[in-house]
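Top line first, the protein sequences correspond to chains E and V.
Just so you know, the working numbering puts 354 at position 354 of the first sequence, and the rest follows in order with no gaps.
Just so you know, the working numbering puts 1281 at position 281 of the second sequence, and the rest follows in order with no gaps.
No lab work stands behind these hints: they were computed from the structure.
Glycine included, each C-beta is placed from N, C-alpha and C at the ideal position.
Misleading hints may appear alongside valid ones.
Unchecked claim - Okay, the calculated beta carbon distance ranges per label pair:
#, chain 1, residue 1, chain 2, residue 2, range
1, E, 322, V, 1101, 33 to 41 Å
2, V, 1444, E, 231, 25 to 33 Å
3, E, 438, V, 1112, 32 to 40 Å
4, E, 322, V, 1351, 37 to 45 Å
5, V, 1310, E, 238, 32 to 40 Å
6, E, 231, V, 1274, 55 to 63 Å
7, E, 216, V, 1222, 39 to 47 Å
To be verified - Taking lysine-lysine and the DSS-like style, the derived pairs with C-alpha atoms no more than 25 Å apart in a straight line are:
#, chain 1, residue 1, chain 2, residue 2
8, V, 1569, E, 507
9, V, 1332, E, 503
10, V, 1203, E, 190
11, E, 217, V, 1414
12, E, 431, V, 1203
13, E, 457, V, 1203
14, E, 106, V, 1422
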Amino acid sequence: MKWLWKIHMRYPLKTFYTLIVSFFEAMMFTIPISLTSQAVGELLNNPNFATISEILKKILIVAIVQAFVFFSVSFINEVLAHRVTTDITEELFTNLQYRSQTYHDKVNIGQIMGRATGDTRTINIGLSPAVRIIIGVIAIWGVTLYNAFRINGTFGFLLLLGFILFVIATLKYTLDILDLSTTTLQEFSKLSEISVGAFSGIREIKNYVAEAHLKKKFAKQVYNHMKAKIEEGEKWAVFYPILILNIFSVGAIAGVVYYSSINPQAISIHDVVLLVGLLLLSRATAQQLHWTSWMTISMIAATQRVYEVIHSPDPGMFMDGNFEFTGKPATIEFRSVWFQYEKDSPFVLKDINFRIEENQTVVIVGTPGSGKTTITKLIQRLYLPTKGEIRIGGRKIEEYKNESLREHIATVEQDIFLFNDTILENIRFGKPEATREEVIEMAKLAQAHDFIMELPKKYDNLVGEGGVKLSGGQAQRIAIARALLMDPSILIMDDGASALDAKTELKIQEAINEVLKTRTTILTTHRLSIIAKADAILIFDGGKIVGMGNHETLIRTNLFYRRLFEKHYKLPPLEVLQ
Amino acid sequence: MSSKSLTRFLWGYIRPYKKLFLTTVLLLLLSIAISTIAPIAFQKGFSVLVGRHLGAKQTARIILPLAIYFSLLLTQWIVQILREVVIVRFNSQIIKDMRNDIFKTVIHNKVSFFDDQESGVLASAVTNDIQEMYDAGLNFANVLTQLVQLLMIVLVLFTYSRRLTLVSMIFFPAFFIVAFVLRKYQKKVEKTWRRNFASVNQKFNESLRAIEISKAFGREEMNVTTFKKVNEATYRASIKRAFAIFIIGPINDFLSHISLLVIIFFGSMEVIAGTIDLSEFYLFIFVLDYFYEPALGLARNYSRFQSMFGNLERMLTLTSDTTYRENAEGDKQQDIEGEIVFKHVNFEYVIGEPVLKDISFHVKPGMKVAIVGHTGAGKTTLAAILLRFYDIASGEILIDGIPLQEYKIETLRKQIGMVSQKVFIFEGTLRENLTIAKANATDDEIYRVLEAVQAVEFINQLPDGLDTYLTSGGGNLSAGQRQMISFARALLSNPNIIILDEATSVVDLYTEAKIQEATDELLKNRTALVIAHRLTTIMNSDYIIVLEKGRIVQEGTHQELISQQGAYKEMYELYFQTQSAEYLEEIKVKNK
Ligand SMILES: Nc1ncnc2c1ncn2[C@@H]1O[C@H](COP(=O)(O)OP(=O)(O)O)[C@@H](O)[C@H]1O
Ligand SMILES: Nc1ncnc2c1ncn2[C@@H]1O[C@H](COP(=O)(O)OP(=O)(O)O)[C@@H](O)[C@H]1O
Ligand SMILES: [Mg+2]
Ligand SMILES: [Mg+2]
C-alpha cells in the first residue's frame, strides 16, 4: 500500500487534484437536490413562476459546471490510474530483467505473467473509480448528515449511527472477501499455466495421445476455478452491510414523511424533499460502494501479489563490478571451483581447477549431467561459483562490468532459443545495430546462407515460436551466426553442432577455422574430429575433472577418455604413466 | 455470422441450465416489478403529506403506503441477492462449459494450426477472453434489466401525465446520438488498445522465456528500453480509450440535469395550472435516476458488449469451423504389425514450397531403417507425416497395407512412438512427464525403461527421485538428461513402430552405445525408423534411406550403398576421414 502511494507521489499534482476535487464534485451532486426541494417548497406555498425560473437558472449553471468538473476529475483520475499501472508494469519488468539467473531458474512464468497482466489490470480498475467514489461517498454522506442534524437532532443521530454501522460492516465484509478473491486469482493463474503448457507441448501430447488426459486436467482446474468464482460471487452478492443502510435510510425516509405529516410545523415539505433526495442519493452511493469495495479489495490483493514479486529476495543476486574487460588477454582460469545451483542441492561441480590460455581451443567431454554446460554458464557469469574463484584475463570474474563481459564472450547454447521473429533479427540479436550485409556474411560463415535463401522470404522469414519452422540443424546454424556476429574474444559452443551432419559440420569448421585462431574457444562436443584437434581436452565425470591433456596422451592413458570411444574405434593399447 | 446461428449457439450453452436461466429471468422480472411499484407507494404517501400540509386531517392514511414502501424495499434487497447469486451460478456454469469446449476444440486442432500461433496468445483466448465474457455477461444482464425497468416506469408515468412523460424523455435521443457518434471512435481506440495490450503481454512473456540468452548477450538494458516503448504506447492507447469511455459520464450527467430542469419547468407549469398535483410532480423527479442509468450503462459497456459478441463469434467460428480440425474420419482400430509403405508421397508446409518430393519406400515389419541426410533434408518432416501431424499433398502412405488416414488417429499414434528431436518437458514431476505416455505405468515398468536409457543413476541422485519437480522446459536437467527422459517416455508407451529422431544427439558416445545395446533388446521385432548422423548407428541398421533436399537419392543396405558411387559413399568416406582412428594419426603427423 505504501508502495502504491509512493508511485502515486511521482505525480503529486494529479493525485491531489483528484483527491480534493472528487470531494467537491460529489458535493455538487447535492446542489440540484436542494434546488429541487426549494422548487417543491415554493410550489406548495406560493405557486409563482418567477421564483421557479430563478431556480432553473441555477440548475443550468450547476449542470454546466458540474459536467466540466466531473469530466476533468474522472478523466484525470483515470489517466493517473493508467500512469501508475504502467509504471508498475515497467517496474516489474525491469526488476525481473535484472534478477539473477538463479532466480529465473525457479520462477514460474505462468504465475509471473498472471501478475504482469491480470493483476496490473485489476489494480488499474481498482485505482480508477474506486478511490474517487469513496471520497464522493464521504462528501455526500457529510451533506446528508449535516442536513439531518439541522432539521432534527435525534434524527441526525440515528442516521449517523446507521452510517457508522454500515462502514464497520463493510470493512469486515471486505476483509472476509479478500481471501476469496486471492484464491480465485490463484486458481485463474493455474488455469493459464495448464493451457500454456498444453499448447506449447502440443506435439508431444499428440504423439502420446494425451489429449484426453489434458482435457481432464484442464476441466478439473476449470471446475476449481468456477467453484472459487461462485463462492466469491455469492459472498459478493450477499452484501449484508447494505441491509443496515437500507433499514436506516428507507426507515428515515418513511419516518421523515410520517413525522412531518403529524407535525407539519416541525418539518416543512421543503426539508422533507431535501432529505428524501439526499437519502436516496446516499443509498445509491452505498450501492456503488458495494462494487467499489470489491474492486478495492481485488486491487489490494493484486497489489500485494505484484509487490511480492518485486520485493522477493533474490539469493543469486550479485553486485556488478567496475572493470572493463577489453577482451585481452582472453585467458580463463578456474581455481578450486565448487558450484551448486541452489543452496542445499548437491554440488554439480566439485573442486574444478584448470587454465585456458589465450587463443586456445579447449574441448570439454563427459557423460550427460557431468557439468559441462554448467562450466560454460559460469564462464558467462550467469552464476557465481559457490566456492573458489574464476579468473578471466587474470582478474576475478566478479570484478568485471557486466556489459564488457557480454561484449566479449559469446555462446552457442545447447538449448537454442530463437525468437518468433525474422531470421535477420534473430541473428543480430546480440548486436542490433549490425547491417544486413554483416548478418549475411556471418550466415555464410555458419553455412546458413544457402538454406536461408531457399526460404520463401529469405532473411525476413519468420521462424515460428521457438523456431518450429526450422529444422534442428538450421536453428543451430542461426545460433552459430548469432554468436559469430558478436566477434567475441571468447567463444563458447555448447554442443553447437549436435544436429549437424558431418559434411555441414566440416564446412563450418573450415569456414571458421581462421576466425577461431584469434580467439579462445571452449567447445563441448562428442565429435572425435573436433576433439582430436583441440589444444586441450577436459574430461568431466560426475562434476569432477577426471582427465586433462591432449588427445594422444589421453587416448593412451585415460580410462574415462578411452571409454568414450571404445565402442566406436579401435584404440591403441593402454599405457600406464609413471 | 448470422445472429440466428449465434443465438442458437448461445442457447446450446444455456439449455443445460434452463432452470437456473428461468429463475434468473423470474427474479429479474420480480425485481423490476418491485422497483416500479415502490415509487408509486411513496407517491401515495407523499400526496397525503402534501394534503396534510395544506390543512387536511388524515394522518393515519399515510402509514399504509409508507409501510408498503419500506417493506417493498427490504424485499427488493432479498430479491436482489437471490438474483445475483443465481446469475453468478448461471454465468459461471456457462463459462465453465465454454472454456472446456474451446480447450477441447483447440487441443484437437492440427499441428499446423499451432505452428502459426503463439501458445501464450492461444492460452489467453481460453482464459482471459472468456473471463471477459463472464464480466460482460453480468453487466449485460444488468443493463438489460434496467432497460426493461425504464420501459415499465415510462408506462406508469404515462398514466400520470403524458405531456410531462414525453418532456422528460426529450433528451433521450440526444444521448443516443452522442453515444452513437462516439461508438465508432470507441471501436477504433478499443482495437488499438487491445493490440497494444497484447503486445505488452507477448513481450513480457517472451522476455521471461528468453532471459538466459538475454543475459548471455547482455540485452537486459535493450529489453527494458523496447519494453518501455510498447508499455508507453499501451499507456497512450489506454488514455484514448479512457477518454472515449469517460466523456460519456459527464454528458450523461449534464443531460440528466437538464432533464431535471425541464421537468421542473413544465411540471411547475402543470402544477400551477392544476393539471397534476404536487406529489405526482415530485414522482417524476423521484424516478429521474431510472432514466439515465440504463443509458449510461449501455454507453459505458457498449464496447465491452461488442467485444463479448466478438468473442462469442470467434468462439463459434473456432468450434464450428473444421478447417483446422484434425481429420478424424478414420475408424480402423486394429493392432499394427509394423509394415510401412510410402508411395509417391509429396508434402509441403507452405503451398508451393515442396519439402518432400515423390518419396517411395517399403519397410518390412521388424526392420530397423536408418534415414540419413543433411540437415533440412526433410527427415523430421518424414516422421511428422507418418504420425499424421500433417497431411500429405499427394501420394499414399500405407501401414500394414491400410492407408494411414483410415486408421483412427488415436490408434495410430498410440502404436507409433517418437522421440522427437526437440525434446519437450512438461512442467511437473518427472513421473508425470513419463506417465503421460502410459497413465497407469507401475514403478517397475518405469524403472525398466529408465534403466535402458541409462537414466537410473542420475535419477537416483535427485533429491526427490521420480517426484522431482521439473521446471518449465526441464531447465533443471541437463540437455542429455532430458533426451534420456524423452527416450524413456517413448519406450514406456510400448509402441510397435518407433521413430528415433536424433534421439541421442547430445549424449556422449559411451552412454549412447550403452543405450543402444539396452534398447535393441527392448525394441526387438519392432519396426524402427532411426534418424541419426553418427555412422556407427547407421551402419547397424537393416536398411538405409538417403534423403537429399526432400528426395530419396539412394536406398539399400550399408553394403549395397557403399559399393555404389553416390551421396552415401561420400558421406561414409568423409566420416571416416574425419572420425576414424587413422585420421587421428594423420593429424598427429601433421601437427608435428
Ligand atoms: N538450472 C538448474 N537447476 C538445478 N540443477 C541443474 C540446473 N541445470 C543443470 N542442473 C543439474 O546439474 C547437473 C549438470 O548439468 P549440466 O552442466 O547441464 O550437464 P552436461 O554435462 O550434460 O552439460 C545435472 O545433474 C543437472 O541435473
Ligand atoms: N513447421 C514447419 N513449417 C514450415 N517449414 C518447415 C516446418 N518444419 C520444417 N520446415 C522446413 O522443412 C525443411 C525440412 O525440415 P526437417 O524435416 O526438419 O529437416 P531435417 O532433415 O533436418 O529433420 C526445412 O527446410 C525446414 O525449414
Ligand atoms: Mg549440456
Ligand atoms: Mg530434423
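Check the structure against each numbered hint from earlier and tell me which ones fail, lowest number first. Going through the list in order, the structure violates hints 1, 2, 4 and 9 and respects the others.
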